[in-house]
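Modelling step: build the complete structure from the supplied sequences, incorporating the hints.
Heads up: the protein sequence lines correspond to chains A and B, in order.
Residues 1111 to 1385 (the numbering used here) make up the first sequence, in order.
Residues 639 to 940 (the numbering used here) make up the second sequence, in order.
There could be a bad hint or two in this list.
What the hints assert, rightly or not - Here are the simulated DSS-like pairs of lysine-lysine, each with C-alpha atoms no more than 27 Å apart in a straight line:
#1 B:K772 / B:K816
#2 A:K1281 / B:K772
#3 B:K816 / A:K1283
#4 A:K1384 / B:K741
#5 B:K772 / B:K747
#6 B:K816 / B:K789
#7 B:K747 / A:K1382
#8 B:K692 / A:K1382
#9 B:K768 / A:K1281
If you are wondering where the hints come from, they were derived from the structure by calculation, not from laboratory data.
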Amino acid sequence: MNAMLTVANKEFHDGLRNRWVMSISLIFALLATGLAYFGAAASGQAGFTNLSTTLVSLASLAVFVIPLIALMLAYDGVVGEDESGTLLLLMTYPLSRWQLVLGKMMGHWMIMAFSTIIGFGLSAIIVGLFSDNTTWSELLKPYAFFITVSILLGWIFIAIATMISASVAEKSKAAGLALIVWFIFVFMFDLSLLGLLVGTEGNVNAELFPYLLLLNPTDIFRLIIISFFAEQQLTGFMAVAQHAQFSTLSLILSMLAWFVAPVLGAITLFNKRKL
Amino acid sequence: MNIVELQQAEKNYQGVEALKSINLSLQQGEVLGLFGHNGAGKTTTIKLILGLIKPTAGQVRVFGEDPTGENAYHLRRQLGFLQENVSFYQQMTGHEVLAYFAKLKGCEKKQVNDLLEEVGLAHAAMRRVKTYSKGMRQRLGLAQALLGQPKLLLLDEPTVGLDPIATQDFYQGIARLKAQGSTIILCSHVLAGVEKYIDRALILGQGHLLAEGSLSTLTEQTNLPVTFHLQGSNLLLPASLQANASEINGGLKLHVSQQQKMATLQQLLALPSLENIDIHMPSLEDIYMHYMNDIQHMELPR
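Rendered as structure tokens:
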């Protein structure tokens, strides 16, 4: 237990040292603030407007950025140590394999959580300071919810990245796989579902089809945000979920399942790794 | 109780025999030299002892217990390991690296500074490892291996990249640790200078144990000749020695068996024109080369 926290702590400090925490916070703060200010530009006005519109559009941006950052942060966690020779050394220490890999993930989770809170939190403060029509109490709950779900999305992809890292022998391979995973979840998956819709001319089981969205954590993330800010109409591709009334709770539960699975996967794969 | 005990230990990797039927027992306070060409099975042997891999057949015991078993966790606190070419964490300072490993091993913080002092890195403790020379990294690695005063130390190529003085310092450190009761396994292919510090040698080749024993035993076993280099004008050797002599650089080179060394020496000293004599006893390197030649001949029939 202690050894695991030692590993996590070292990983977090590495994140502070090599400016990961700072960079991620900055990206999130700029994204969130920029979107809050210019989000309404399409309707001919700039400035801080409707909060739920802002957060829903931020969510559709975040599904691109958060997985990418998480994958980049964690893809070399295991394989990088292997290449520098420290993995072999660590395994001669009183430290179990699961402790090492879980400690690594925990460290990366801390980096992600910390940066998300700082980044989006900063933007919330800026919005609160400059917007005339929102009060602090109105801001708190939506932002807190948004930040929590964003952190969960980041954690899922950190676990996936660690899974990749634990299963390959070279860093470059891990980087390639991480990129493919990102591409699949962020682009390919939705495109294929769309292709399925077009190909069958919409002739799909309307009951069943929305459940396919649960196979992609980034889609679940978007659905959660949209369902939380319920006054928003489901637009674009997300409209396929209209037929299935997913409750926010069931969506969060499926996201948690998406979190637990790769964590167990990473531990299993690392246990099988040859030294 | 033997500190390390290998009984008919074998290791196959996907059908390739990395190690074949190795027997070894190591008592407390012994320093064992593990020698062999690249791929001879040195690292596999070390990994077996460290419990990083399980033997395909046979038995490995460290402090009387299975190093991959349930008690491995406790065994590892008493093990120190320095591997070949470890580059550590480039962005951290030497002190941070050592403090991290100390924490993982459950050692007192105080040890970190003491060990840095001991390996001569105190002045560079606050510098990033990235700026360290190869020798400094090696010394940091050694400090790491010494954390928690391990009873068994495994050192894989510990003197690679060290200059002669640092190498000397290093071996003196080994002698000190031995005096304190540590058991040490030293793995190397740099042979010169190791002799004095090891009690026993184990020579591996192609995964086979070629020879094992103290240096004097091995010297006897191999029965390598003693070589005399003789200098002098118009040297005329006794007839009995002439067959073993050859001319070299204006002098004579003479091979005789170890048993005949003293008798030959007396004969040689009686020569009137002898100006200088240089005696070369078979060294660890010679012994090693002898066994390496053996396996090369073994290879031929294949």
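A quick look at each hint next to the structure:
The suggested pairing of B:K772 with B:K816 holds, with an alpha-carbon distance near 25 Å, which does not exceed 27 Å. This hinted pair checks out: A:K1281 and B:K772 have alpha carbons roughly 23 Å apart, not beyond 27 Å. Restraint check: the Cα-Cα separation between B:K816 and A:K1283 comes to about 44 Å, which exceeds 27 Å; the hinted pair is violated. Simply put, A:K1384 and B:K741 have alpha-carbon atoms about 25 Å apart, close enough for the 27 Å limit, and the pair holds.
The suggested pairing of B:K772 with B:K747 holds, with an alpha-carbon distance near 25 Å, which does not exceed 27 Å. Between B:K816 and B:K789, the direct Cα distance comes to roughly 10 Å. Compliance with the 27 Å bound is thereby established for this hinted pair. Proximity of B:K747 to A:K1382 is assessed by CA-CA distance (about 33 Å); at most 27 Å being required, the pair is judged violated. As the CA atoms of B:K692 and A:K1382 are separated by approximately 13 Å, the hinted pair is consistent with the 27 Å bound.
About 20 Å separates the Cα atoms of B:K768 and A:K1281, which keeps this hinted pair within 27 Å; it holds.
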